Every structure is written in structure tokens, then in C-alpha cells.
Amino acid sequence: MNPLPLVAVAGSPNAGKSALFNALTGARQKVGNYPGVTVERHSGRLTLADGRPVELVDLPGAYSLEPASPDEEVTRDVLLGKQKGERQPDALVIVVDASNLDNHLRFCLQLIELGHPTIVALNMVDLAKRDGLELDPEALSRELGVPVIPTVAVRKRGIAELHEAVDNMLSSPRCGVHERVKTDLIHLQRRAREIATAAVVSETPVRRWTHRLDAILLHPIAGPLILAALMFLMFQAVFAWSEIPKAWIQSGIDWLSATATATLPAGLPRSLIADGAIAGVGAVITFLPQILILFFFILLLEGTGYMVRAAFLMDRLMHGVGLSGRAFIPLLSSFACAVPGIMATRTIDDPKDRLTTILVAPLMTCSARLPVYTLIIAAFIPNTRVVWGVGLQGLVMFGLYVMGITGALLAALVLRRGVLKGSSGGFMMELPKYQWPPLKDVAIGLLTRVEIFLKRAGTIILGTTVILWALASIPQAGPGQKQSGVSIAGHIASGIETVVKPIGFNHDIALALLPAMAAREVAVSAIATVYSIDSSDENAGSKNLEDRLKHRWPLPTALAFLAWFIFAPQCISTIAVTRRETNGWKWPLFMIGYLFVLAYLAAGLTYWTAVALGL
Amino acid sequence: MNAPFHPEPTSLDLLAMGTRARIATIDWAALDSGEARRLQHFGFDEGVTVEPLHLGPFGRDPIAIRVGRMTVAIRRKHAGAIRVTPLGR
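First to last, the sequence lines map onto chains A and B.
Residue 611 in this note's numbering sits at position 569 of the first sequence, with consecutive numbering throughout.
Residue 12 in this note's numbering sits at position 11 of the second sequence, with consecutive numbering throughout.
Pulled out of the complex, with its shape left as it was, chain B reads as follows (with noise of 0.2 Å):
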């Protein structure tokens, strides 16, 4: 893939809504096992492309984020476990 621009990798809470990024790692061993296999569940998995869609009204948490054909919510603490490269609008 020949990304345009060479962005540097963040993690997907500080993404910008309705910026696409690959999911570069993620960091499990901050998540517990519950919340983790939850993750796998919603399908997220390194190299899965992610875009934040909608922020909670409240303190901007939770994050709706749409992973592969689905849409998921979860915390901003979470999302912060899951480092991206993004991808561009």
C-alpha cells in the first residue's frame, strides 16, 4: 500500500473522526481478559482497517468506531490500547 503521506502512528482514541488508519498493534496486556476477548469478538485484529466515527456527547467517550463491516462503541480508554497508522480521510 502507498500511502500518500507518511503519518505517524497514534493510537486510535487521538484519531480525528472519519479518519481511516490500519491497525498497527495492539496491546493486550492492558486490557483484561473479558475486554479483550470482547475486541477479538468486534473483530479487531492487527492490520484491520478502523475510522472513528462519533464521539459520545459527554467528556467525548465512548468512541463509535466502524471495524471491518461493523460499527462498535467502546471506551476512550480501550481505543487508547490500539496503536494505528492512519490511512487519510
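Chain A on its own, in the form it takes in the complex (with noise of 0.2 Å):
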């Protein structure tokens, strides 16, 4: 079968590729990876007017062929031919921001002398007349030699004549691709700043948007005091927004595990069932909404243009301890999950400023970790009132967060005075105009997540809590026997117990160590399978899950086993993706080594610490 044709979309950041991409393409999207390399391949199908199918592939968005990142380099080796696993476009898509021609002809020149057929979108045309800039599409198609349509990608205007644009253009017979591109930036500069004069009908001066909104959001004083306030309110809306939805969640899996009991007969498969899969999965499916929240922000605060501006406010501090404001991004994302924090750190060009903030990432608190909080905080720590809107369950909550960022600066402190050592890179980057984010674009990227996260449930998730129920189901204990005690699982916990005892872990927690090896969110599941197989010999399975952890472990325990997943590096994903971008298994396993010395000391800081007082 022959392949697809493939047009690719390029373009400079900024100039609203992945609209303009989201807009041809419509949700069908597939997200995968160039080979060798961690850089997401964005692609998308396109039917044109015969019927024929076209592939659609978002390259990453590039400042000119030289490559200053890895993301950048994967689209010059695309647009050459060069990459591994791409095949040759067979047409461009150039994406330039009509406010902002004179920098991105640049990279527009350079590509349309590759000498694919080529269109040139001049997308935001709306919002270069906001700023009083009145272009001629035509002068400029007559500048470059190439067809050029106005577009507003976020309004799906110029779409259709984009559409049949690149019907035309692959109907023509196509002509071979030049290697040879013009590599003198300066001289490419003066030449688009040429054709963007020639360009522009009238300019009128007004005062801009960005600015006005730069003046407050970046003021010395007020910059950083928003700064707070909005992650404060982001933290605040993961909690008090998830409860309801949470809480539906909860009702629908007691629903589908009652249902499973009373159908199925006694015995080995109704207690993998009802026991392992469901117990299990529908545990950590209930922080669904949650991760959604979470991403819901982090992609709302990228979209508009304000995580960049968070960096600027942040670089001077993360410099401080030997990071750059760049980390700022990677960093807060990994407050959602460390795999795409990891993966954006991509964005660094520093390479021990990126290894540095990929060793850290897992410091902050992803969102696998909200199961086990909120279960233990939910267990034993009372709901009183500190003061008037604080609870101390939120309190506590909120000094997990405070300990694994403070643990994080101090670690990158100590990486870049010690393994790291060395003068610490620059800090460069365009400041975009605001903009509001379509909200498609924004439910495409939380549509990626859902599916990446229930994909994870319904795989990792299930398979280690199936073999965990295996495992903690043979041998079936007899009577007056405690099944946790003699099964396989239970053997093996006694094994790790010895290591743990110290810190003041018992059996139980022994027992989900080993599976949440693979997520941390299956510390709870592997917790709610063992009690539910412990339980149904003890008839007791009315009891949630929070009450039997009061009954059987102490308070120190308790506080120690949170302490433990503030470091602990207990996820399989994230050992892969830091294998991955770090070409080897050098960092990886430092970070594996350090973090869990820093877990067992942290928990065993706490229990003792905690018994010494008494609590």
C-alpha cells in the first residue's frame, strides 16, 4: 500500500500552529513519538475534494533549520527528509503570526527555499488588526512566490481556503527538494524585515493589550503576589471541585462491585473480580477528576501565554539554586504528572539545568499521589478548623506540597554544587501575546490526558493488582488463619517488613510498597485489595477503607508512610521517560538510589520524631 500523502505544518512558537493544526484536522489526532528521540509526532487527517485521504503532521515549532533544542531539530531533519521513521512531506504548511512578520519570515524564507510546494498561512490576522496593522496578502504571496492565505485558526476563519489551498498544491506536480538552505541568519533577518515592510498597508499605533495586561502581571509587586494567588486557587480547585464528580465515581464502583457480589458465586473468580479488578482499579479511577482539574489549569495557564510570564517572575529565584525560570514549566507540570514534566524539560537548552530539573521532577507532588494522601489525611488526620477557612486536613495537605518543593530546591542546591557542578545556562524566551485558548484545543489536550491515564489504569494499573490479588489470594488460608499472613504476597512483605521496621512500617504497608513500585496510586489499591481479601473471611466488609486503617495503624505509621511518598521515586513511567531522556540508565538509577534514601530518612525522621512526642 502506498503511503499517505504527507503535508507538514511548520512554523515559529507562537505563530498558533496547533490551532491552525487542531482546525484542519478536527479532533482525530494521533500522538505518538519520533523514534530515538522523546519529541511528540502530532498527526491528523485531512480528506481532500476527490476523496483522497492526506496525513497531516504538527511539526514542533521552530525558530529557523538551526536547531538550538532537540524539538527543533527533529523539524529540520523532517523537513530534510532525514528524520527516522518520517517519511519525506510531500508539501509545507507555514504558519506565521501576522502581528509578528518581520521575525517569522525568517524562518518562512528558509523553507520556502527547500523547494516543496508550499503554502504560507497568515494566521491571527484579527488580532494584527487589534493592534492596528492592516496587511496585503497578495503583495506579500508576490514577495515570497508562494500562495498566501489570511487565516484565524482559533475562529476557523480562512480554513476552508486553506483546505482547498492544499488541495490545488497537491494536485500540481511537485519538483524536488533542495539540501542546501541559506544559513545566514542576519542576512535572512534584514531580507523578512524587507518583505514585512513591503507587506503592511497601514499601521496605526495603539496601545496594546499584552501590555497593559505585562504592566500588572509582571509589576515587581503585584506580578508575584499573582502568581501565588493563582496557584493557590489552582490547589484549592483540585480539592473542593473533585468532591461531587468524586463522589459519583465512588457510588458508581460500590454500585458495580455490590452488583458483582451478589452475582456471582462465592469463590476464587467472583474475589478477583469484586476484590482485585474493581476494588483495585475503581480506587484509583476516582481521581479522575482531580488529574482533570489539574491539567485543566495547566493547560489553560499555557494557552493564554501566562506560564511564560510565571517563569520571568520565577528565573531569578530558580537561578538562585542553580535552576533557570525555564524549569518553572516542566516543574509545575510535573505537579500534574512527572512524564510530561520530565518531557518538557525538552525545552531547556542548558543540558545540566535540564538534568538537573529532570532529576527533581519527581519531587513535586504529582497527581498519583493524591490518592494516598487524601486516603491517609482522610484516616487520621480530624477535620477541626484552624482558623476561619483552614482546615487541618487542608493544612497538612498543603505541607506535603510545601515539603516535596522544598525538598526539590534544596536537592537541585546540593545536584549543582556537587554531580552537576558548573556554570548555569541563560534564560531566553519570547514573552507571546495573551490570548484566551480555544476551549477545543483545551478539551483536545485534556481528551490526550484522560486517555493516557485510563489506558495506565486499565493496563498497569489492573495487571499489578490482578498478579497482587494472585499473589495475596494463594494459598487460601485456613481457619483462624489471617490471609495476609500466609499467602505468597504476605511472604514476601515479611522480607521487605524487616528493611521498613525501623521507619516504623508494618506488614500492610510492606505489602503495597512492592506493587506501587509501578504507580504510586496502587499503594491504596493494593491496600483496599488485601483488606477486601482480608475482610471477606472476617465478614466485616462493611467497613470502608479509611476505618479499617484507623483500627490497625498507629498515627506515627501513618505520618511516616506520607513522608515516604514525598520521595519516594515509586513509579515505573517515570524511571522509563528519565531512561529515555537521558539516553541510559546512569541517571535514572541515581535518581532511583537517591530518592528512596531520602524517603527512608524522611519517614524515619517522622515516626520517630512522632513517637518521641507521643502522638
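It is possible that part of the hints are untrue.
Ranges between beta-carbon positions, derived for each pair [stated by the list, open to error]:
1. B:THR86 to A:GLY433: 57 to 63 Å
2. A:ARG199 to B:THR50: 27 to 33 Å
3. A:GLY127 to B:GLY60: 41 to 47 Å
4. B:TRP29 to A:ARG622: 31 to 37 Å
5. B:TRP29 to A:ARG197: 39 to 45 Å
6. B:SER12 to A:SER244: 44 to 50 Å
7. B:THR86 to A:LEU455: 39 to 45 Å
Below, computed lysine to aspartate or glutamate pairings styled on DMTMM-like, alpha-carbon distance capped at 25 Å [stated by the list, open to error]:
8. A:LYS72 to A:ASP119
9. A:LYS497 to A:ASP296
10. A:LYS394 to B:ASP33
11. A:LYS171 to A:GLU155
12. A:LYS198 to A:ASP92
13. A:LYS394 to A:ASP92
14. A:LYS463 to B:ASP62
15. A:LYS394 to B:ASP62
16. B:LYS78 to A:GLU108
17. A:LYS171 to B:GLU52
18. A:LYS463 to B:ASP33
Short derived list, chain B residues pointing at chain A, Cβ under 10 Å [said to hold, decoys possible]:
19. LEU40
20. ALA74
21. ARG76
No lab work stands behind these hints, which were simulated from the structure alone.
Predicted model only: the values in this text are computed from it and were never measured.
Quick reminder that beta carbons are idealized off the backbone N, C-alpha and C, glycines included.
Hints are included, so try docking the two chains, each in its own frame, into the full complex.
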């Protein structure tokens, strides 16, 4: 079978490339990876007038064909037909920001020179107009020698025309591609400025929106305060807004579990389905609302252009511990999940800055820890009010986040003085115009995350839960014996227990720690599974997990368990992505090592202190 | 261009906020190749008009600078490699 014709969408960062790609392909997108590198490959389909399908690929934004980051390298290699696992594009759609032509035309000129059949999408013409800039697309087309289509991708304006132009372009015969491109950036830039000037019909200076907003959001005093308030609102929302949908999901799972127990005959298969699969996976699925809310905020902050401002505000402080302001975005993303966070470090140019950011990213309290934290806090911390509007439970949760952040900053400081010694790199970022991201684009981003999360729940978490169920159920306990004592898992846990006993961990925790290596939230499903199995012979199934924990764990143990999870690198995906991003096992092994040592010390100190205080 | 005054050339990191200036020279040798390339990507070039807009809240670093039609943030030490001639406010 002949592969589909490939059309590459390319352009400088902040040209609205992804919005245009979304407008052309709709929600039918595939996210993959280029082989050997961790750059995501976004592709979608377009149908031509004669019914032929075309594959559209959204290339990472680049300022020129001289790469300054791994993302830009992929863009160059795809365009030159040198990227492994990607065929040479048959045509190009170049996206340029109408209000930033003098800059974006530089890359555009380089791309046209490659000789692919090319169309230029003159994007965001509405914002240019708002800025008092009137452009002549025909004059621009004459200067560039390729068709120019004015578009407003976020409002779907010009998309039909662009579609038609792609159609025409693919119907006409194609010529060969030049490998040699002009690399004199300064010369290209000057030519770009000339063309941009020629394309301007009229320009009326207006006070731009973005500048007015920046005067407030980047204000030396108001700026950091607003940033802190936004962060607070975000974490507040993660907990407050998620309560109702979480309760719905919980009751759905309870119903499912009850139905399974009622309809299936007693025995191992029923235990597998009700205690293993439903109890285990269900315990994790209930956290979907929180993860969604967190990702919603992060996508919104990124889409509006605020995230870069946050990096600007934080740069000097991050610089103080040997990181750059650029690390702020990956680290903030790591509050949702360290995997996209670590992948986002690709935007950090300096290799040592980047490696330090990767190594401390798992210390940010990711959403997978929420199930563990929420369960333990609900069971052991009384729901009392400290001052008006602030509860003790919320305060403990906040404290856990703060401990994670403090740990990360200290770790970065130590790493930069030790194994990653060296001068720190720079901070160079474009501050794009503020804009309201189309909700559809945010929705597409959220859907992708939900898919990844549910896939994980369906594979890794279901798999480890079922294996754990089997290990915890076999062999069956005789009368008077406790199931978690005689099973295979019980024996393995006894081995782990000898190591973790000094820091206050009991047999149940030892049992949960092993499967939690796959993912932290599995600790909750593991505890749920074990108690569910144990309780079926005790006939005490009515008690919920929190009540059971309260009766079986002393308070110092519970606190030590919380402290452990601030640091413990228990996540296969994070370890795998670190291996991929650092091209080897050296750094992931280092990361596992130092984080386990920190986890052990933190849990131990917490336990010993709590015991000494008589808690 | 007839400037109403004859200001002394200075470096970009010393320019007061909101003062427009024209880039006279860039000391490319003071920057490493990646940094130099990024500055070129942002459109820094001799003869281009720049205007510092905002300072980072801690230690007055980094600096947000308008260059051409875009706004970029760079650290103070990199701005120091750029010599400018002020054009007035």
C-alpha cells in the first residue's frame, strides 16, 4: 500500500500552529513519538475534494533550520527528509503570525527555499488588526512567490480556503527538494524585515492589550502576588471542585462491586473481579476528576501565555538554586504528572540545567500521590478547623506539597554543587501575546490526558492489581489464619518489612510498597485489595478503607507513610521516561537511589519524632 | 535620523525601562554559540530598535525587552553584551 501524501505544518513558536492544525484536522488526532527521541509526533487526517486522504503532521515550532533544541532538530530533520521513521513531506503549510511577520518570515523564507510545494497561512490577522496593523496578503504572496491565505485558526476563519489551497497544491506536480539552505540568519532576517515592511498597508500605533496586562502581571510587587494567588486557586480547585464528581464515581464503583458480589457465586473468580479488579482499579479511577482539573489549569495557563510570564517572575529565584526560569514550567507540570513534566524539560537548552530539572521533577507532588495522601489524611487527621476557612486536613496536604517543593529546591542546590557542578545556562524566552485559548483545543488536550490515564488504569494498574490479588489470595488461609499472613505476597512483604520496620512501617505497608513500584496510586488499590481479601473471611465488609486503616495503623506509622511518599521514586513511567530523556540507565538509577535514601530518612525522622512526642 | 540629543552609547542592561534605543553593536564573542543563535532567532541585530519593558521582581533580573514586534526575556548578563544608542522615551 502506498503511504498517504504527507503535509507538514511548520512555523515559529507562538504562530498559532497547533490551533491551525486542530482546525484543519479536528479531534481525530494521533499522538506518537519519533523513534529514538522523545519529541511527540502529532498527526491527523485531511480529506481532499476527490476523497483522497492526506496525513497532516504538526512539526514542533522552530525559529530557524539551525536548531537550538531537540525539538527544533526534529523539525529540521523531517523537513530535510532525514528524520528516522518519517517520510519526506510532500507539501508544506507554513504558519506565520500576522502581527510578528518581521520575525516569522525568516524561518518562512528558509522553508520556501527548500523547494517543497508550499502555502503560507497568514495567521491571527484579527489580532494584527486589533494592534492597528493592516496587511496585504497579495503583496506578501508576490514577494514570497507562494500562495498566502489569511486565517484566524481559533475562529476557523480561512480554514476552508486553506483546505482548498492544499488540495490544489497536491494536485500539481511536485519538484525536487534542495538540501542546501541559506544559513546566514542575519541576512535572512534583514530580507524578512524588508518583505514584512512591503506587506504592510497601514499601521496605526495602539496601546496593545498584552502590554497593559504585562504592566500588571509582571509588576515587581503585584506580579509575584498574583502568581501566588493563582497557584493557591489552582490547588484549592483541585480539591474543592472534585468532591462531587468523585462521589459519583465512587458510588458507581460501589454499585458495580456490590452487583458483582451479588450475582457471582462465591469463590476465587468472584474474589478476583470484586476484590481485585473493581476494588483496585476503582480506587484509582476516583482520582480522575482531580487530575482533570489540574491538567485543565495547566493547559489554560500554557494556552493563555501566562506560563511564560510565571517563568519570567520565577527565573531569578530558580537561578539561585542552579535552575533556570524555564524549569518552572516542567516543574509545575510535574504537579500533574512527572512524565509530561520531564518531557517538557526539552525546552531547557542547557544540558546541566535540564538534567537537574529532570532529577528533581519527581519531588513535585504529582496527582498519583493524591490518592495516597487523601486516604491517609482522611483516616488519621481530624477534620477540625485551624482558623476560619482553613481546615487541619487541608493544611497537612499543603504541608506535604511544601515539603516536596523544599526538597526539590534543596536537592537542586546540592546537585548543582556536586555531581552537576558547572555554570548555569541562560534564560531566553519569547513572551507571546496573551490570548484566550479555544476551549476546543483545551478539550483536545484534556481528552489526550484522560486517555493516557485510563489506559494506564486499564493496563499497568489492572495488571499489578490482579497479580497482587493472586499473590495475596494463594495459598488460601485455613480457619483461624489471616489471609495476608499466609499468602505468597505476605511472605514477600515479611522480607520487605524487616528493612522498613525501623521507620515504623507494618506488614500491610510492606505489602503495598512492592506493587506501588509500578505507580504510587497502586499503593491505595493494593491496600484496598488486601483488606478486601482479608475482610471476606472476617465478614466485616461493611467497613470502609479509612475505618479499617484507623484500626490497624498507629498515627506515627501513618505520618511516616506520608513522608515516605513525598520522596519515594515509585513510578515505572517516570523511571522509563528519565531513561529515555537521558539516553541511558546512569541517571535514572541515580535518581532512584537518592530518592529512596531521602524517602527512608524522611519517613524515619517523622516516625521517630512522632513516637518521641507521644502521638 | 536626527536625534534631538546626543546620548552616550550604553549597554542594554543599563538602559532605563521604557527608553527606546537602537542596537549599535553586539559582542557575539561574549556569548556562547547557542545563546548567540537564540538572540538572532529573536531578531537582535545591529540597527534594530529595542526597548526594555519589565524587570524580574527578584534582583532586577531577567529583563523583558521589546525587539521589533516581539517581546523577549533575557538575563541581565546577556543584555550586557548588547551596545545601544538611546533614542529617547
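Assessment of proposed distance window 44 to 50 Å (beta carbons of SER12 (chain B), SER244 (chain A)): Taking Cβ atoms as reference, SER12 (chain B) and SER244 (chain A) lie about 35 Å apart, which means the hint is violated.
Given hint LEU40 (chain B) near chain A, where the shortest CB pair must fall under 10 Å: 7 Å, holds
Given hint ASP62 (chain B) paired with LYS394 (chain A) - CA-CA distance at most 25 Å: Holds - the C-alpha atoms of ASP62 (chain B) and LYS394 (chain A) are around 21 Å apart, at most 25 Å.
Distance restraint evaluation - GLY127 (chain A), GLY60 (chain B), Cβ atoms, bounds 41 to 47 Å: Holds, at about 45 Å.
Holds or violated: LYS394 (chain A) to ASP92 (chain A), with C-alpha atoms at most 25 Å apart: 52 Å, violated
Distance restraint between LYS171 (chain A) and GLU52 (chain B), which requires alpha-carbon spacing of 25 Å or less: Holds - the C-alpha atoms of GLU52 (chain B) and LYS171 (chain A) are around 23 Å apart, at most 25 Å.
Holds or violated: LYS497 (chain A) to ASP296 (chain A), with C-alpha atoms at most 25 Å apart: Cα-Cα ~21 Å, so holds.
Satisfaction of hint between GLU155 (chain A) and LYS171 (chain A), Cα-Cα up to 25 Å: 29 Å, violated
Restraint outcome when ALA74 (chain B) is required to lie within 10 Å of chain A by C-beta distance: 5 Å, holds
Given pair status - ASP33 (chain B), LYS463 (chain A), alpha carbons within 25 Å: 18 Å, holds
25 Å limit on alpha-carbon distance, applied to hinted pair LYS394 (chain A) and ASP33 (chain B): 15 Å, holds
When the least beta-carbon distance from ARG76 (chain B) to chain A is tested against 10 Å, hint result: 5 Å, holds
The structure shown violates the earlier hints numbered 6, 11 and 13.
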